[in-house]
Structures are given as structure tokens and as C-alpha cells.
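Each chain is listed here by its residues.
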Amino acid sequence: MAEVIFTANLQRHVSIPATHVDGHTVREVLNKVFERNTLLRGYVLDEQMALRKHMGIIVDGVVLADRVTLSDKVEPDSRIFVLQALSGG
Amino acid sequence: MDHELLVSTRKGLFTLGSRGSWDISQADFLGDNVTLALHDPRSGYRYAALDHGHFGVKLHRKKPGEGWSEIATPAFPQKPDDVSDTDGWGKVIPWTVMRVWALEAGGPDQPGLLWCGTIPGALFRSDDHGDTWNWVKSLWDHPSRKRWMGGGADYPGIHSICIDPRDSRTVRLGVSCGGVWRTRDLGETWNLTATGMRADFLPPEQQGDPEIQDAHFLVQCEGDPERLWVQHHNGIFRSDNCGLQWHELQDVKPSSFGFAVAVHPLEPDTAWFVPGIKDEKRYPVAGGLVVTRTRDGGNSFDVLTNGLPQLHAYDVVYRHALSIDSTGDSLAFGSTTGGLWVTEDQGDHWHEITHTLPPIYAVHFS
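Top to bottom, those sequences are chains V and C.
Start counting the first sequence at 0; every next residue gets the next number (numbering that gives the first Met the number 0).
Start counting the second sequence at 0; every next residue gets the next number (numbering that gives the first Met the number 0).
Simulated from the structure, these hints should not be mistaken for laboratory data.
Keep in mind that the hints are not guaranteed to be accurate.
The calculated EDC-like cross-link candidates involving lysine to aspartate or glutamate, where the alpha carbons are at most 20 Å apart (straight line), are [said to hold, decoys possible]:
#	chain 1	residue 1	chain 2	residue 2
1	C	10	C	22
2	C	78	V	65
3	V	52	C	50
4	V	52	V	65
5	C	277	C	324
6	C	62	C	153
7	V	31	V	71
8	V	31	V	21
9	V	72	V	2
10	C	78	V	46
11	V	52	C	27
12	V	52	V	21
13	C	252	C	278
14	C	136	V	65
15	V	52	C	247
16	C	277	C	347
17	V	52	V	76
18	C	90	C	153
Which stretches of chain C does chain V cover? Using the computed rule of at least three CB atoms under 8 Å from a CB of chain V, they are [said to hold, decoys possible]:
#	segment
19	238-250
20	260-270
Source: prediction; values computed, not measured.
For glycine and all other residues, C-beta sits at the position ideal for the given N, C-alpha and C.
So that you can see chain V by itself, here it is in the shape it has in the complex:
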């Protein structure tokens, strides 16, 4: 199962420990995390289910390529970091 790690700055708003979930794409993985924590989705994605403008995701050291549909592939042993992008200041 892929490991998903959220920026510590999110913890002040939503309690979300590192978690392990199955999924073939970033979308599938995140959807499973959001099933456990519905409030979290609005902090990471916008209404169109795209990654928020000033958020970033890194999968196994590679920056997410598809910020709209989150179709980047995930391996069973992947590590996914959900971070604040420096573009947001």
C-alpha cells in the first residue's frame, strides 16, 4: 500500500496522520484517504477536484504532473507527500 504523508501545517486545521492506502493513481489514493476524512478534501483539492493552486504533491521524488485529474501512477510501495507549494508564499 502507498504511504501518504501530509504537510504538518495541515494538522492545525485537520487531524490527519500518515496513512497507507491502495490505489493505482494519485486520484484513487487520495479518494480513499478522503473517505476517511471528508473535511480534508477541501484543504487539498478545489471544487473541480483539481489540486489547489498553491499545493504540491510529490510521488517517489517526482512532482505531480497532472494537477487536474491527478492521473499520475502510484506503485504499491510509493511514498506520496502532500505539501504547500512555495508559490503560495
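Based on the hints, put chain C in the right spot on chain V.
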């Protein structure tokens, strides 16, 4: 003094006045960007709009005797793939709420009803104290909406919501840049009511176009609802017939440029403004912070300075940062440089409460 003052700032929400003075009695959301707050007199509930930047816009609610808790945020529906949506400049409008720019309680006969205006320029309605929100599609689908333009923001937005005290189903909106809009049927249908406004920064043939007027803020007199006031990008405008026709007030000194306006709840001819140099500079004329007040419908203005800094003051007062209480005697305003002033005699004397707050976005009497 029997009320409180909610001060929304870049670094938190501050409550003043609950101990019989204007001292700060409570600080909430410290470190967070609080863009707007509302006290709902019908329920006693309070609402705070936060902009977390990276994490987006959120709404919080506080019931009497309880703490703050996050509630639903107004949200656009999924944008259909075949829809092309652009503003008056041709820029693509994202279907995502970037700012809660107006938040108002419905009428006394509408318990639980809230209105919310946003950037981009959408209107949302809640019928359950903010537990859920409904997108007002009728306004979004109005053909004129696509002619709206961003003013100081990247995209157009709804910043003012006035509930008609004679009929709660009648609601008026101020839009920057999109004029003044009215519904008489709780948002089913909409009419533009900005005739007479003028935008002198546009080509001559377009200056009077009602659809693109940059109304900075709209207020309605509670005791005489026919009277509306607008602080407009181009100056001060008054309507004596609920917006069917607007009249521009010329040669207001020291300036007619500004963002905020307040009207006396019972005296329609009495209104206050906080002027600045237009429009690319936006600071008080000659560095002296003043409030202007008319008592005769705009025929003349008092320039109020008592208690306000007159040397090297560069305070800008945003559109939601001037508030008047229900008596019409007390007003408060806050500035971009963290200054907060209160008057209890309609502006004849101002008292500096503090000048060390974070930048102030909104001030609201409970």
C-alpha cells in the same frame, strides 16, 4: 455601549467591547487570515470567513456558549466540460471560490437564511445557518454576468448584500465591477439597477454602461429603504428610488474616492465615507486621515478629523472596514495599517483604540 465589535484581520479575529469598554476581549484564529465576520442577530450565531491561502477558503460558526467550528464552505458545482466561462476582459473564470466577500443574514422572517457573495462573482444561499449552501444559478446564468470585470481583484466579485427591510425576498447586490443588482423573488430573477452611474476610466461611449460599473460598496437606509448609497470607484452615488436612478455627487472634498460607506439607520440623508487619493495611489489626501459626513443627502460634507492622525497617515480603509451600530451614533473603522477608531457621537470625536493590529479587512458591530 451594549454591543461588541468584530474586527477581521490578516492575523485573526478580534472582539472588542464586551466588558463595557473598547478593549480587546477576545482573539480567535490567531495567525490566520480572517477576511470577514458576521453576527446574526436572529440566532446569536457568529460566522467567520477564513482564507488559508494554500488550503483555500473556509467558513466557521460559533453558537452562543460554544466554540468555533468549521462548517460548509460555499462551493461551485462541477464545471461542465462544454462550458466556456470568461469575464468582461475575456479572462477564463475558474469555478472555485477564492474569497468570501459578502456575508449577510436574511430577514427576521427567514430564520437560518444566509447570503454569501464571493470572488469570482457568485451568490450562494443557505437555509440552515450555513450547514449547507446552494449556488444561485439564476444570477450566474444571467447573460450580463459574463460582462462583469475584476476591479482590484483578478476576477469580479459580489461584496455587498442588502436585505430590503420591507420585504426580505427583495435583495440588492453590489458587484465590482458589475453595478447593482436586485431580486424581488428570493433570487429567482434578477435586474440590473445601475442607471446613472459613470465610470470615467472607460472609453466615452461606455462610461454610462450599467453592466460594468465598479460599485465599491452598497448600503441601504433601514428606516427609509428607498435611499441607497454607493461608494463607487468613480465617486459617490446616491439613489432616491431604490436604485432605479443614481445621482453622482460632484466635487466632494478632500476626495470622493474610497471604498467604504455607512448610512444612518434612520436618517437617509446622513452618510459617512473614508476618502483617499484616487485611484492608483489610494492613501489619505496629504497623509491626513479623515472621515467625510453628509447630513443633507450629499449637498454638503463635514470633514471629520478630531482624533484622527493628520500627519503621515497612510491608512486605507477597505469596503467592509467601516461599520455603524443600530442607534446610528457609534461608528468604527479599521485600516490597512492596523489602526482602529471608534466614535460614539457620529464622528465628531474619534478615539483610537489601537494602531498595532494586523491589517484590518472588516469591522462589524454585533
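Going down the list of hints, with the structure as the test:
1. C:10 - C:22: holds (18 Å)
2. C:78 - V:65: holds (18 Å)
3. V:52 - C:50: holds (13 Å)
4. V:52 - V:65: holds (12 Å)
5. C:277 - C:324: Given pair residue 277 of chain C, residue 324 of chain C is violated - Cα atoms ~28 Å apart, limit 20 Å.
6. C:62 - C:153: violated (34 Å)
7. V:31 - V:71: holds (16 Å)
8. V:31 - V:21: At roughly 8 Å apart (the allowed maximum being 20 Å), residue 21 of chain V and residue 31 of chain V satisfy the hint.
9. V:72 - V:2: holds (14 Å)
10. C:78 - V:46: Roughly 9 Å separates the two Cα atoms, so the pair holds.
11. V:52 - C:27: violated (27 Å)
12. V:52 - V:21: Roughly 26 Å between the alpha carbons, so the hint for residue 52 of chain V and residue 21 of chain V is violated.
13. C:252 - C:278: holds (15 Å)
14. C:136 - V:65: It is violated: about 30 Å lies between the C-alpha atoms, which goes past 20 Å.
15. V:52 - C:247: violated (40 Å)
16. C:277 - C:347: violated (25 Å)
17. V:52 - V:76: Cα-Cα ~27 Å, so violated.
18. C:90 - C:153: Judged against 20 Å, a Cα distance of about 9 Å means the pair holds.
19. 238-250: violated (count 0)
20. 260-270: violated (count 0)
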